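**Q** Residue numbers (this note's numbering), protein chains in the order written: chain A, 11 to 375; chain B, 2 to 539.
Hints listed in this document are in silico derivations from the structure and should not be mistaken for laboratory results.
The structure displayed is predicted, hence computed values, not measured ones.
Each hint should be verified, as a subset may be incorrect.
Derived pair list, reagent style DSS-like, types lysine-lysine, alpha-carbon separation capped at 30 Å [claimed, not checked]:
hint	chain 1	residue 1	chain 2	residue 2
1	B	Lys489	A	Lys222
2	A	Lys316	B	Lys475
3	B	Lys146	B	Lys27
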Amino acid sequence: MLMDDDRISTAQAIALAINTILGVGLTTLPRELTKAAGPDCWIVVILGGIFALISALIIATVITRFNGKTFIEYTSSILGRPVGFLVGVLYAFYFVLSCAVVLRIFSSVIKNFVLESTPREFIIITLLVLSFYLIRHGLEPMARFMVINTPIWLITAVAAFLFTFNKADFSELLPFFRTPPDKLLFGSLSAALSMAGFEVLMVAGQGLNTTKHVYKIALVSIATVTASYLYLVVFVVSVLGVEETKMLLWPTVDVLRSITVPGGILERIEAPLITVWVIMVFTTLSPYYFSAAITIANIFNAKEFKIFVPLLFPWIYFLSMTPQNVLELESWLKFVGNLSIGFGFVIPFIMLIAGSLKARWGKSQ
Amino acid sequence: MGNIFKTLFNRKKTEIFYERDMTPDKSRKLYKDIDENIKVFNEYLADCDDLISREFVVGNPNGPKHRMVLFNIDGLADKKVVHEEIMKSLMLFARQVPLEYSVGDKFFQLVKDGLITVAEVRETDNFGEAVLAVLSGDTALFIDKLDRGLILNTRGWEKRAVQEPSTEAVIRGSRDGFTETYRVNVALVRRRIKDPNLKVQTVRLGRHTRTDVGVLYIKGIANPSIVEEVLKRLNTIDISGVLESGYIEQMIEDNYLSFFPLLRRTERPDVAAACLLEGNVVILCDNTPFALIAPTTFFSLFQSAEDYYENWYIASLIRILRMSAAFLAVTAPALYVAMVSYHPGMLPTDLALSIGATREGVPFSTTVEALIMMLALEVLREAGIRLPGPIGQTIGIVGGLVVGEAAVRAGIVSPIMVILIAINAISSFAIPNFNLAVAFRLLAFVFLLFASVAGLYGIILVYLGLVIHLVTLKSFGVNYLSPLVSFKMKRVIDILVRPPLPFIKERPDYTKPLDRKRMRDLRQDQESEGGDEDADGR
Numbered sequence: 011m012l013m014d015d016d017r018i019s020t021a022q023a024i025a026l027a028i029n030t031i032l033g034v035g036l037t038t039l040p041r042e043l044t045k046a047a048g049p050d051c052w053i054v055v056i057l058g059g060i061f062a063l064i065s066a067l068i069i070a071t072v073i074t075r076f077n078g079k080t081f082i083e084y085t086s087s088i089l090g091r092p093v094g095f096l097v098g099v100l101y102a103f104y105f106v107l108s109c110a111v112v113l114r115i116f117s118s119v120i121k122n123f124v125l126e127s128t129p130r131e132f133i134i135i136t137l138l139v140l141s142f143y144l145i146r147h148g149l150e151p152m153a154r155f156m157v158i159n160t161p162i163w164l165i166t167a168v169a170a171f172l173f174t175f176n177k178a179d180f181s182e183l184l185p186f187f188r189t190p191p192d193k194l195l196f197g198s199l200s201a202a203l204s205m206a207g208f209e210v211l212m213v214a215g216q217g218l219n220t221t222k223h224v225y226k227i228a229l230v231s232i233a234t235v236t237a238s239y240l241y242l243v244v245f246v247v248s249v250l251g252v253e254e255t256k257m258l259l260w261p262t263v264d265v266l267r268s269i270t271v272p273g274g275i276l277e278r279i280e281a282p283l284i285t286v287w288v289i290m291v292f293t294t295l296s297p298y299y300f301s302a303a304i305t306i307a308n309i310f311n312a313k314e315f316k317i318f319v320p321l322l323f324p325w326i327y328f329l330s331m332t333p334q335n336v337l338e339l340e341s342w343l344k345f346v347g348n349l350s351i352g353f354g355f356v357i358p359f360i361m362l363i364a365g366s367l368k369a370r371w372g373k374s375q
Numbered sequence: 002m003g004n005i006f007k008t009l010f011n012r013k014k015t016e017i018f019y020e021r022d023m024t025p026d027k028s029r030k031l032y033k034d035i036d037e038n039i040k041v042f043n044e045y046l047a048d049c050d051d052l053i054s055r056e057f058v059v060g061n062p063n064g065p066k067h068r069m070v071l072f073n074i075d076g077l078a079d080k081k082v083v084h085e086e087i088m089k090s091l092m093l094f095a096r097q098v099p100l101e102y103s104v105g106d107k108f109f110q111l112v113k114d115g116l117i118t119v120a121e122v123r124e125t126d127n128f129g130e131a132v133l134a135v136l137s138g139d140t141a142l143f144i145d146k147l148d149r150g151l152i153l154n155t156r157g158w159e160k161r162a163v164q165e166p167s168t169e170a171v172i173r174g175s176r177d178g179f180t181e182t183y184r185v186n187v188a189l190v191r192r193r194i195k196d197p198n199l200k201v202q203t204v205r206l207g208r209h210t211r212t213d214v215g216v217l218y219i220k221g222i223a224n225p226s227i228v229e230e231v232l233k234r235l236n237t238i239d240i241s242g243v244l245e246s247g248y249i250e251q252m253i254e255d256n257y258l259s260f261f262p263l264l265r266r267t268e269r270p271d272v273a274a275a276c277l278l279e280g281n282v283v284i285l286c287d288n289t290p291f292a293l294i295a296p297t298t299f300f301s302l303f304q305s306a307e308d309y310y311e312n313w314y315i316a317s318l319i320r321i322l323r324m325s326a327a328f329l330a331v332t333a334p335a336l337y338v339a340m341v342s343y344h345p346g347m348l349p350t351d352l353a354l355s356i357g358a359t360r361e362g363v364p365f366s367t368t369v370e371a372l373i374m375m376l377a378l379e380v381l382r383e384a385g386i387r388l389p390g391p392i393g394q395t396i397g398i399v400g401g402l403v404v405g406e407a408a409v410r411a412g413i414v415s416p417i418m419v420i421l422i423a424i425n426a427i428s429s430f431a432i433p434n435f436n437l438a439v440a441f442r443l444l445a446f447v448f449l450l451f452a453s454v455a456g457l458y459g460i461i462l463v464y465l466g467l468v469i470h471l472v473t474l475k476s477f478g479v480n481y482l483s484p485l486v487s488f489k490m491k492r493v494i495d496i497l498v499r500p501p502l503p504f505i506k507e508r509p510d511y512t513k514p515l516d517r518k519r520m521r522d523l524r525q526d527q528e529s530e531g532g533d534e535d536a537d538g539r
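Isolated chain A (complex conformation) (with noise of 0.2 Å):
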């Protein structure tokens, strides 16, 4: 349970969703893309922009109803107690699965550009801790660490692509609208996949300051990461061109790699640019840790959800080391995105339905 001052206003939710969503599908979602839609890729984030945008204003809409109470109070209220335990279970699993295949898939990265001797425990842990640290102290400062954090990987990020610009051909994106529909749906689908994480809302929903503006936490949220999409899709595919972002395992960072600064004082920076990355990898991977450690507080109804915080540390420590390579990876990965279909999706539409009949219900009794 959160305490009473650990309240959150509307921007900083927005910080919230955005800095959860932006985080390891970066380095990644230009493959995908270009896999399912070719040179339409831009296309692809612009539907699967849509996609999330209605998940999300349908979490929305059950947030509005949750009238002060949790998530599981609120499930428990409308689906039974016993339905309601075994959302919050699931959820819990979710998080925590999410969590490990972040920290997994940020590792790999590291070990990959960074530091190639280095081993992956060490990544993973001293992350983890780092994260364990932040949400101990609760939501709003969870929150305030966002706020204060968005500038600097937005401002690097975007200059970062700008440097590309010399060597982007956008030609690369044409011509448009050749894929066929069903592969445009299909891969705006994986679009909507990667922008998972407003999910997280539905359990830190308890924290708002004021469930009037959810609307407005969804649109801009989903509008911004949207745009950031767009603009990285847009970059990576005109500098590596559509077939080789196909064959790239991480195509972003291979976009980094070939960034050369101005005026010659650095001469490679894909270091730091990687290196102000991890930021963004740890606002996702805190905003996760903290909603399962706090779905599990709801769950037993605990008054103080700290406790539960060193309780998942192992399971998600051990969850992450679990992957024997980068394929494994690529599957659990997969299997994560299906789970959040679920989770982003159809439990809160059947949530919504449920409401919806019940309150219908309730008055005409």
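Since the structure of chain A is provided, determine the placement of chain B on it from the hints.
**A** Only chain B this time, still in chain A's reference frame:
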């Protein structure tokens, strides 16, 4: 047995303070008999050789005579005032007092209202107050056959004159600094803010030192909740002595584990006045020239008094310079170590080669090299402070130039490392707040260690930890990182740019001032009026 009883009895008698809040024990009343009073007073201050007691007789040679006694502490009371304004008045002028006034209460009133030419005179009927007053530099006067005494303000001791503050020198700005005397310090602030709303609340702290601690704020600007919080925290201090405002700082700060200063300190009355006008609370402490300012934010520690006296672009430029200096002070060695040992690809080839060439023959790793140099510099700095002025400079030259040069020649450190550590140290001296500079130097070591373990990733880990720590810090309920956490762009830009004065129309909002408006722009009003006239004319 009797002895023990006597000791106990005596102790009870000489303990003048019951309460922690330093209110004197008023239960022990004065006697009518002056001999009894002298005896008890001397019991209180037994074995205090600096006590001066003077018995004398006052009165008309033909009329009634009054025995009087006065007590004060040698060195604390102003002798000239005692001689001229008390003794002389009583012993010479009292002779001309008409007979009908020279008895009993009437005489007491006359002495109080008409004879003593000291500005501040208080009455007392107990020993507790009298003893405390005497220990503070006042003079206590007892008159025979009266159970009331007078406390005369004769405070005047040898004190340091108002001088230019040594730690916060400015190029432009007033040259007076706080001194060790509480009242002088309050006066220095009062001279700048001639407003009845400038309130001064004094509390006494320290069971033995009974130090005057003043809480200054401007009523109507300062948020009462912050003032109350400051007073509440001051009242929780129960310590044997307060010798410097540092004691108070450490007792009332929100998080004593953090090495960031959670209270700003200043030696300059103009800074104190400026902060009061922004809605802060200033804590002045006797015996120290350092005032404390609460609440404090991280970015206010980067400000210097001059920022608001100089032209806005100079001030803004300097502000940005200070920020860059802070960045270098914290990360310069760490970045170098990370780049050289983990990410050599980042460096341009020529630079990487030249660094490699200069490191030829250096037996240590870059980390050890950096540690050696940083530690040597810290020792030099400390040695320079302890030694008297000219020798301190010599040490700086010998240590910095001669040893540095020799170390490079001997191949112990590379010249680039010397340059880097020098930049690092100079940057840390560019930060106006000493505590913050020390915190940054400590952080530089932490960053260096992590950079040597995990390169840039280590640096970003420390950065994340640092930001988490700063985000959770509060100073008197105010976010330490404000205004960065707010969404008001205007405030956020203030961190780097000091806007031209006509544009700073509002007080900063971190102090939650009652009155936000700082300025009314009359010029603008006139212009808009003029504009209206023009419009009418057309």
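**Q** Quick one: which hint numbers does this structure break? Sort them smallest to largest.
**A** none
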